[in-house]
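S.K.: What follows is each chain in one-letter form.
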Amino acid sequence: MARLMMRNMDDNQSGTISAVKVSGELGRRIRDMGLVPGTDIRVQGRAPLYDPVALRVRGFTLTLRNNEAEHIEVEVC
Amino acid sequence: MEATIALGGNPNSGKTTLFNELTGARQHVGNYPGVTVEKKEGIYIQNEYHMRIVDLPGTYSLTAYSVEEVVARDFLVNEKPEVIINIVDASNLERNLYLTLQFLERGIPMCVALNMIDVAKSRGIKIDEKRLSKLLGVPVIPIIARNGYGKHDLMLAAADLSVEKKQMTPLQISYGDDLDRTFIEMEKEIRANDFLTGTYPARWTALKYMENDELILSKGQKQNSEVAAKLENMVKNVSVHLQETVDTYPEAMIADYRYGYISSIIKQGIIRKKGDEQNRLYTSDKIDRVLTNRFMGPLIMLLVLLVLYQFVFTYSEVPVGWVESFFGWLGHLASENLADGLLRSLVVSGIIDGVGGVLGFAPLIMFMFFGISLLEDSGYLARVAFMLDRIFMIFGLHGSSVMAYIISGGIAGGCAVPGVMATRTLRSPRERLATLLTAPFMNCGAKLPIFALLIAAFFSESKGTLMFFFTLISWGGALIVAKFLRLTVIRGAPTPFVMELPPYRLPTFKGLVIHTWERTWQYVKKAGTVILGISIIIWAMMTFPTLPDSKVQDFERKQEALRGAAPSAIVLEFESADKGAELSAEAQKLKERLKVIHSKKAETALRYSIAGRIGTALEKITQFAGFDWRTNIALLGGFAAKEVVVSTLGTAYSLGEVDPEESESLSETLANSPAWSPLVAFSLIIFIMFYAPCFATVVCIVKEAGTWKWGVFSMGFNTLLAFTLATLIFQAGSLLGY
Ligand SMILES: Nc1nc2c(ncn2[C@@H]2O[C@H](COP(=O)(O)OP(=O)(O)O)[C@@H](O)[C@H]2O)c(=O)[nH]1
Ligand SMILES: [Mg+2]
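Order-wise, the sequence lines are chains A and B.
Under my numbering, the first residue of the first sequence carries the number 1, and numbering increases by one thereafter.
Under my numbering, the first residue of the second sequence carries the number 1001, and numbering increases by one thereafter.
Just so you know, not all the hints are guaranteed correct.
[To be verified] The calculated SDA-like cross-link candidates involving lysine to any residue, where the alpha carbons are at most 20 Å apart (straight line), are:
1. A:K21 to B:E1251
2. A:K21 to B:I1254
3. B:K1274 to A:V57
Think of the hints as simulated: they come from the structure by calculation, not from any bench.
Since the model is a prediction, treat every value here as computed from it, not as a measurement.
Next up, chain B with everything else stripped away, as it sits in the complex (with noise of 0.2 Å):
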């Protein structure tokens, strides 16, 4: 048989985790259509069950509020799911029914699995759920998520829902005299003119009138605005009515009797438990004593903050090596078996150097979820946003920017790609949004060489306190700007904080393998397809239009001429000796001359192509920033890859290919030439920290904010900004006479 089942429940409920039992590797993760809520969807197959299960996003409440919310409801009435199960955290039962009863109240099939009853056992808590289920009036099985016991008996239960297909009258709980009042005559109104009830129950449509739930208020506008009118007059009435009386709101009233409702189905001998419940100290609280202390706290947090971030990128450089090597083995493969020529450049340089280096961030992409599922699953993320949102909220984030922040950056050499990511378990969206604008601003791993260049060239002070300079820039930056998008762009009040601190869990390792699969596979297809396109577009920017023929040929000649005026033996020898073999003094000699022939036409090359146009027209304007058009050249580079800057400049200087690692000559030229001083370092060092972030991170941005508009403002933005900032140090070092 064949059946659609939505998993419903509380954050941290352990849905993900019973889905992960329920479907193992048979699932697909995707997003909601239009927002960047995950939609998990898999397949439970046993004997004759063929199911379909949708992982719906956690909640507490059937309101309009957050995303979540609004993506679970939709759901439900879109897609019409046959049974919801609803998980319910059997050591939580009073909060967790909370949202049991709003879907009694809508009026689906429904089986209730009572999860995590190894943990209530362990507290002392004990369930009758025979009793719970007469109550309830719908099936409630007892599970444990973690190790599968139950899910055949809970599964058994939903194919028998569905299979009977009986309507289920929606639950009716009374909200007092006022209110039950005000809905009987709401629901005949609704009735009466076919109001909505092609797809919510009437009583529904009243409860969410008198909750102010401004998406059924819009939907019911539009349907009939008279009725709504009238409707929305009633809720108005009785409002009035309630505050003058018992100073008071209908949906405050809502919650009380519902909580009310609560109570005495608990009172009548649900829940058996030993001792006080109140003031029972369990076994989390006692590690929140330690890992929440005042003084003891931020320090194990810094500990474990560096220990995310050294494993997230020191035990990742062992796979990134091999995906580096791969790309490099294939780039060279490439070479020896094309000729020299355009096809052989878009291949080595378009398409394998750019996935390559693409795809060099899947292992980090990998190691970062892992260890933040980690982290969250096991609930101490929860206590860094604890710990740390009184400084975050005065820039309008949230406790949990942090891990965003360190992991693009924030700790000098992270990578805004992983970074970006991690703002998933950010739940404000207005914070969220602010996270990954900002993360990006940080000292990524790629900018680094860039500093390093540049403090060898120009600045004498010692390496690591520049860069520890720099990176406090950053952050400053960083929450600066966020606080300045808060104000304006992403203006609106902070997203309540309220939040549940879950007790601490020892995550699955199925769990966590699968998350971090899944995450690191949608990274690899992005890098497959529009990646890609873009890295191919860059390099068609530095590579057309080729020089004319003409041009070319005058660095023909002059090569030619080098080789004719030298001795026919030393430029035999040259020709014929093997790669990396000793050469003669003169043949060495002969070698350095071509090669900065070669160089030079290099140089020529790229700035006749298109990147060479724009970077010599926006010398323009650089100019203010000191930058000239060897500097623009590079910077455009930086968007395919910020590593990018340094061998472009390379390029630009006629010093050929220079590795950004082994960069002495290029930083002994910039030291040199004329156009360059420790204030234009300084002014370009601070525009790159701030300019348009390389197209991977823009890329996740896109993906992770839902619209290609945040991907534009972030280039525009952020490049305005630093161009901003660079001017402004150059102009009044220049004055100050530096």
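Pulled out of the complex, with its shape left as it was, chain A reads as follows (with noise of 0.2 Å):
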């Protein structure tokens, strides 16, 4: 068990969201889109540049930036 940002997990590695730590409207999208502690995670992958990163959540498909994935703490296994 590890924690990490989002942002430095490798392509198909899977966890569970322990924090989401910005307000405001980011946070807030992040949130609406199901992102919240709890949740079940795993990075798809990366769109060719490195970013943004794709992830698989409930059973669909969100990608976010970089630098929006490093406000959101994964626990890996």
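Take each chain as given, in its own frame, and dock them per the hints.
M.R.: If you want it as structure tokens, here you go:
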């Protein structure tokens, strides 16, 4: 068990969100899409230029920029 | 029975597809007042039902962050629909229910349309809709929007709800002890003071205060600042408390509990699925392995964009040709039947040419929207944004900006009118504005003949190389200006990219056709009104004041003199010959001489007109960029449409009307003119690349940006920018001795 920022996760790595450390519009959007603590996610891959990152969460695919993923803390196995 | 029914749901949940299925052709597209979000309304008629259906913009939530959310919320408040149909994607239930909960908390009669059950089924997902209905307390009807399955049951349920007219009790979710306690206090305060209770349920207002919703906060301030301050204070207290004890914000807590509530519903056997959902590879993921692959992805994307471009500009040539020949024929007809004079000039050059030129875009727009809708509805557009975002982000834009750039002429030869309209797919407001203001810098098809003319006259390098070079300049310019705008007038943090990559889906042909038709029709209506008006104004500027009689008589006398000097047989031959008939050498010579005088007259008249005077007056300034009055007039004419630059230059150089496609004579004249040099030509090319967009584009910018201010801005700012660049080039070049 280790905690790391989503930005630093490898492709195909899975984990559980432990905290979303941002408020305001960005925080709201992240949470609205279902990225709240306790949610299982898996990094699906990254764009050709390594940013943005694509996630599998709650059965759908979500993309966000690396600097947005920076605010999400994930517990990985 | 009659009722208003709103369709609400997440983007890509199938709202528009259901809307089309329900209303067919009985629909109307407009805008919500003051914003550029589309408002689609239609009528559903079945037996005794006659219901007004409104397609709300797709949203994930009901906060006040995006225009779409605000519009959807305002609609519910202001127009009070009898029923909301909440479309929910069955293959993506959890996230979709997040919005459903917010509708329920709002307390408007609602039924859930459980859409895409075909997709869910193919993924091995089965949903127990009866149990879901019981848990949510509203009807849940499974449908397949694509083929209309279940739509009548759905409307039956909606009709029942609107007949009952029963007041829904807003859903109350527990948000944890701390928040719940505060909510109770807040509600008490709200009820005691009738604070906003005319519009919102008390708990909803409390919730929005807790979520820090700016719109509601400012409404509250206006209604009763004392109560508002009290409520804000309660929120602050609990917020401090939460941060100290659990290190979180109330709004985060609210989202947590909502998702928790959803989980608790789903856990009660709502979803049955085969296999491991989280790690399962859907067909869509397999396609993405190729289409967004690090190496193949960009290549395929390039190919797709090239094909889109080809499709828009090559295949539309035939219908564009029809429109052009129709207006050509109409112009001819008018010329034949109207006496030479102002009326004829107005009808032919002002009305027919103006509207014809603009309607000529209609097929382009049609093809463009068809192509883009195909990419958007299939889900590919989201992948393009995903792959290119890293680059566009640097310039304060969004991955989807690429579409508008390419269509505007990012691949030389596009058109800014459909390009500006293509920014509609962008959901980030600031990025969208920066894109639509810079897209006109691309080299559209109408700028190309001017470049070709100048290249032929002044540059020996191959046309292909130079054109490529100019394309690079316009991309560079557009991106840099976009960055500049994002740092100044459209300043603001980047809109979060957080976006769904929807599964690949086959769009419906009906949807594509309806979509394409609506957009094209909107444009045509504009062309028929605003654009006709501007076209007439420009015509008047280039026509009035007309030459004084004495001047006209001068030219007539000269022509008479020529005729008098020629042998009468020749004059007779010349006058009685049919158009295009072979003339004897003598008669041909007479004809040319007469034409020279005629062209000289046209030049004098042009210079005498308002446009001519403006052009002449501007010479004092434009000389710094190397432009004389002739160029100035041509550039003024270019505001009507860029291809007019070439024909106006022709008139200004006494060559008569010059066909932009066959401009050898003009190119020769320019090459030999002492006022011109390669440096002037280069300066002019840069100016034309960057100066005010043609008015058809300006009209579209105004429409897409939602206010005329951005239209005025694009004319003023672009011209200033272009002039600065051209002057720098001309002055530096002159100093270096070019
Ligand atoms: N398989 C399937 N596809 C659907 C269904 N409803 C909509 N779609 C497709 O989903 C995509 C998005 O639909 P659209 O109506 O544009 O969604 P909107 O963003 O909510 O308006 C389109 O390609 C539709 O053809 C459905 O019930 N089944
Ligand atoms: Mg839609």
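S.K.: Please flag the earlier hints that this structure goes against, numbers listed from lowest up.
M.R.: none
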